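For reference, the chains in residue letters:
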Amino acid sequence: MYVVEGRLEMVQSTYEQMHRLFLRTQSSAPQFAGLMVAGARMHMGRFSEARAGFEEIIASHNEEQVRGLQTSQGVNYLVLGQAWDAHSLWCMGFPETALRRALEAVQIARRYAQPFNHALAVTYLATLQELRADSDAFRAQSAEALSQTRESHAVYYRLWARILVDFAEAGDSPSATHLAKLENAIDAFVATGRACACPTTSPCWPAPASRPASIRRRWR
Amino acid sequence: MIRQAIHEATSTRERCWDARLYWLRGEFLLLGPSEEQALAGEAFQRALEVAGEQGALAFELRAAVSLAELWQAQQSPRVKPLLAPILSRFREGRESPEYQTAQKLVDFSI
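Going line by line, the protein sequences match chains F and Y. Per our numbering, the first sequence starts with residue 1, numbered consecutively. Per our numbering, the second sequence starts with residue 1, numbered consecutively.
Next up, chain F with everything else stripped away, as it sits in the complex (with noise of 0.2 Å):
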């Protein structure tokens, strides 16, 4: 919740608690309880730190492990932490390998049957297809992604996915209506408590060089 809320601080405060829970109770701390203060890490751009987490991490997994946390917590750290570790290798110049995490953030999805961590994966992929310029890609995965969102009831990923699909529309055609569209689907994310700089929503914006101009000085 605190990644989601931009209050990254407190990712790290609340992780450093629960570090000292796990020692009085289990003697150390299992790897996977670093994801978050990882994934903190990324949106903080440090982004070394946060992928020799994510490595750690992905590393160590246990599929056991894993699978008994998603049955009791609905999250699957292993999806989670090859979407974020995609993430970081792209803007650490490493398009290729970035893609390639990503899409294996979509197979294990798939294999372990949980349809809000595939939701999450394939957000992710159409994330990262924008970052990397792919156009046909994006506007592809974005529609995977949204239909897959909706299909799990995963809203908040579904308002991302809709600011994706919307983005793509308004990429193709630029017009007053689909940019209003992409305005509308900003707001509705953002009114999830969503911080407004957020991964989302910024790669999301036009690309000022191929709108008329009296469409981009609404988002100067």
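Be aware that a few hints might be false.
Said to hold, decoys possible - Here are the in silico distance ranges between beta carbons for each label pair:
| # | chain 1 | residue 1 | chain 2 | residue 2 | range |
| --- | --- | --- | --- | --- | --- |
| 1 | F | R110 | Y | Q4 | 36 to 42 Å |
| 2 | F | T192 | Y | E98 | 29 to 35 Å |
| 3 | F | P30 | Y | Q103 | 29 to 35 Å |
Stated by the list, open to error - With a cut-off of at most 20 Å between alpha-carbon atoms, the simulated SDA-like pairs for lysine to any residue come out as follows:
| # | chain 1 | residue 1 | chain 2 | residue 2 |
| --- | --- | --- | --- | --- |
| 4 | F | K181 | Y | M1 |
| 5 | Y | K104 | F | A133 |
| 6 | F | K181 | F | A143 |
| 7 | Y | K104 | Y | R89 |
As the list claims (entries may be wrong) - Among the chain F residues that face chain Y by a calculated CB cut under 10 Å, a handful are:
| # | residue |
| --- | --- |
| 8 | R7 |
| 9 | G45 |
| 10 | F47 |
| 11 | A50 |
| 12 | G93 |
| 13 | F94 |
| 14 | D134 |
For the record, the hints were derived by calculation from the structure and aren't laboratory data. No experiment lies behind these values; they were computed from the predicted model shown. All residues carry an ideal CB built from backbone N, CA and C; glycine is no exception.
We have chain F already, so just place chain Y on it with the hints.
Okay, now just chain Y, sitting in the frame of chain F:
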């Protein structure tokens, strides 16, 4: 909106999009009157600095390409010294449109 996003990113410390935000700011400034266009280069430079600090090579390239295009239009000799070291750090993704654009800018730089 970009100013607001930069402000919010600063207050929440969610800095992972800072380089992209400064780059976008530069792109939008280029569309404005000449006094705003003059500020675009500063925005791209800021994007470059932030991306460099964060080790975000992809954003560094994006900002450098925009800055290089600006400098090329001014017939500045700084294009190659700006882009070549960034391109040399890529170990993959050399087929990407941005890498190719940067390579062309280097090849045709004065």
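Does F/R7 meet its interface restraint, that is, does its C-beta lie within less than 10 Å of any C-beta in chain Y?
At about 7 Å, which falls below the 10 Å cut-off, the nearest Cβ of chain Y leaves the hint on F/R7 intact, so it holds.
Taking 10 Å as the limit, does the beta-carbon of F/F47 come near enough to a beta-carbon in chain Y?
Where the cut-off is 10 Å and the nearest Cβ of chain Y is about 6 Å from F/F47, the hint holds.
Hint check, F/F94 versus chain Y [nearest Cβ-Cβ separation less than 10 Å]:
6 Å, holds
For the hint 29 to 35 Å, verify it against the beta carbon of F/P30 and that of Y/Q103.
45 Å, violated
20 Å Cα cutoff - pair Y/K104, Y/R89
Judged against 20 Å, a Cα distance of about 17 Å means the pair holds.
Assess, step by step, whether the Cα of F/K181 is no farther than 20 Å from the Cα of F/A143, and give holds or violated.
15 Å, holds
Holds or violated: Y/K104 with F/A133, Cα cutoff 20 Å?
18 Å, holds
With 10 Å as the cut and Cβ atoms as the points, is F/D134 at the interface with chain Y?
Where the cut-off is 10 Å and the nearest Cβ of chain Y is about 9 Å from F/D134, the hint holds.
C-beta pair F/R110, Y/Q4: status relative to the range 36 to 42 Å that was hinted
About 38 Å separates the Cβ atoms of F/R110 and Y/Q4, which means 36 to 42 Å holds.
Against chain Y, run the beta carbon of F/A50 and see if the smallest gap drops under 10 Å.
9 Å, holds
Once the shortest beta carbon distance from F/G45 to chain Y is found, is it less than 10 Å?
4 Å, holds
Check whether the Cα positions of F/K181 and Y/M1 lie no farther apart than 20 Å.
17 Å, holds
Checked against the numbered hints listed earlier, the structure breaks hint 3 alone; every other hint is satisfied.
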